[in-house]
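Novice: Please construct the entire structure, taking both the sequences and the accompanying hints into account.
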Amino acid sequence: MIKRKLKRQYLSVLVAVFVLIPILTILAISNHSLTEEEIDPSFSTETITNDTIPVINTSTRIINPYIDSNVKIGKTYYDYQGKEEEQINSIIQHDDTYIQNTGIDYVNENVFEVISILDGTVSNVKEDPSTGKTVEIKHDNGYISSYQSLSEINVKKGDIITQGQVIGKSGTNELDKDLGNHLHFELYDNGQSLNPENYINKEVDSKKEN
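Here my numbering is used: the first residue of the sequence shown is 1, the next is one more, and so on.
It should be emphasised that the hints constitute simulated quantities derived from the structure, not laboratory data. We put the CB at the ideal spot given by N, CA and C, even for glycine. Possibly wrong hints are sitting among the right ones.
What the hints assert, rightly or not - Mimicking DSBU-like on lysine-lysine, the simulated pairs with C-alpha atoms at most 30 Å apart in a straight line are:
(1) Lys75 with Lys177
(2) Lys169 with Lys202
(3) Lys156 with Lys133
Claimed, not checked - Simulated restraints, written as ranges between beta carbons of each label pair:
(4) Asn124 with Thr172: 19 to 25 Å
(5) Asn124 with Glu85: 32 to 38 Å
(6) Pro129 with Gly191: 31 to 37 Å
(7) Ser59 with Lys83: 15 to 21 Å
(8) Glu85 with Asp140: 22 to 28 Å
Specialist: Structure representation (structure tokens):
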């Protein structure tokens, strides 16, 4: 009776072993497959790449209204808080009248091309004996740039302008005739004149409210 019981116990163990071996083998293979999928570099790279969100630069830099490196400043902007000698150089004398300069006058002996400082739309084109031919451009950030004393105009009202596009050429006018060939440049924000020297080569927000 004892021998028979021992044989039955051995038989049960053998049956259990034979049943467990296939199950453990299947589990091991499945675990190995999952591990390979998790560490697959191509899978990880593709997932990261597809979820990447591009960064968009929403600012731009104001450029000079000319390209010619020989162009110099002939008359500066009148700064109420500036030094006395700087203010003297910012006064325009026309006949017996003295006018505070609301822009910058760029001079050169030779006629030079005038370009737009930013993208924008031509809001006005006019000609006046005192200021000469003038182009005004409204920019997306709300600024308005004015280019006066032009001898030639290459754009018309309503034109869409890109930064650096040639809009005309320098010339002369009656108001600043002592400067000879030049560009009188003004910059405005909400009707207030700005000193262009404080903004040229500086970044401005293209989303600025008009």
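Novice: In ascending order, which of the hints set out earlier in this document are inconsistent with the structure?
Specialist: Hints 6, 7 and 8 are the ones this structure does not satisfy, whereas the remaining hints hold.
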